[in-house]
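Colleague: Model the full assembly from the supplied sequences, consistent with the hints where possible.
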Amino acid sequence: MMGNPYHTIGAKQFRENLEEIFDKVNRGQSIIVSHRFKKPIKLEPLERGFNDQKQLSGLKAFDASAKKTYEFSKNIPLKQLYGDSIAKKYAR
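For what it's worth, numbering that gives the first Met the number 0 labels the leading residue of the sequence shown as 0, then goes sequentially.
Among these hints, one or two may not hold up.
Derived BS3-like pairs: lysine-lysine, alpha-carbon spacing no greater than 27 Å straight-line [to be verified]:
no.	residue 1	residue 2
1	K59	K73
2	K78	K41
3	K37	K73
4	K59	K78
5	K59	K41
6	K41	K23
7	K87	K73
8	K88	K78
9	K23	K11
10	K87	K59
11	K59	K38
12	K38	K23
13	K11	K37
It is worth saying that the hints were derived from the structure and are not from the lab.
Since this is a predicted model, take the numbers as computed values, not measurements.
Modeller: Right under this line is the structure:
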């Protein structure tokens, strides 16, 4: 009977050993990364016929999209920032 073909690690281990994990995946190993509050993800090497332009078009569109920016000042207390944001949101 064959064992599990995937190696499972936690999110903390993933963060702490990122370079080593990328090396394992590049050598052909598939890795499952679990997180206690989110669905697990699977890391596996891309197929040889991977087409960057076609496969990454969604990521390029995301990168080109406008990002929400926040204007915070380190000199203003958090309570005041919160109050100002609520006042701005519900101003009539």
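Colleague: Decide, hint by hint, whether the structure agrees.
Modeller: Here's how the hints hold up against the structure:
Pair hint K59 plus K73 does not hold up; C-alpha atoms about 33 Å apart against a cutoff of 27 Å. Taken as a hint, the K78 and K41 pair is broken in the structure, with Cα atoms around 40 Å apart against an allowance of 27 Å. Between K37 and K73 the alpha-carbon distance is near 32 Å, which puts this suggested pair outside the 27 Å criterion. About 37 Å separates the Cα atoms of K59 and K78, which puts this hinted pair outside 27 Å; it is violated.
Simply put, K59 and K41 have alpha-carbon atoms about 22 Å apart, close enough for the 27 Å limit, and the pair holds. The straight-line distance between the Cα atoms of K41 and K23 is roughly 13 Å, inside the 27 Å bound, and the hint therefore holds. The straight-line distance between the Cα atoms of K87 and K73 is roughly 19 Å, inside the 27 Å bound, and the hint therefore holds. Straight-line distance between C-alpha atoms of K88 and K78 comes to about 15 Å, which keeps the hinted pair within the 27 Å bound.
With a C-alpha separation of about 17 Å, the suggested pair K23 and K11 falls inside the 27 Å cut-off, and the hint holds. For the given pair, K87 sits about 33 Å from K59 by alpha-carbon distance, which is inconsistent with the 27 Å threshold. Pair hint K59 plus K38 holds up; C-alpha atoms about 24 Å apart against a cutoff of 27 Å. Proposed proximity of K38 and K23 is supported: the alpha carbons are some 22 Å apart, at most 27 Å.
The hinted pair formed by K11 and K37 meets the criterion: a straight-line CA distance of about 13 Å does not exceed 27 Å.
The earlier numbered hints that this structure contradicts are 1, 2, 3, 4 and 10.
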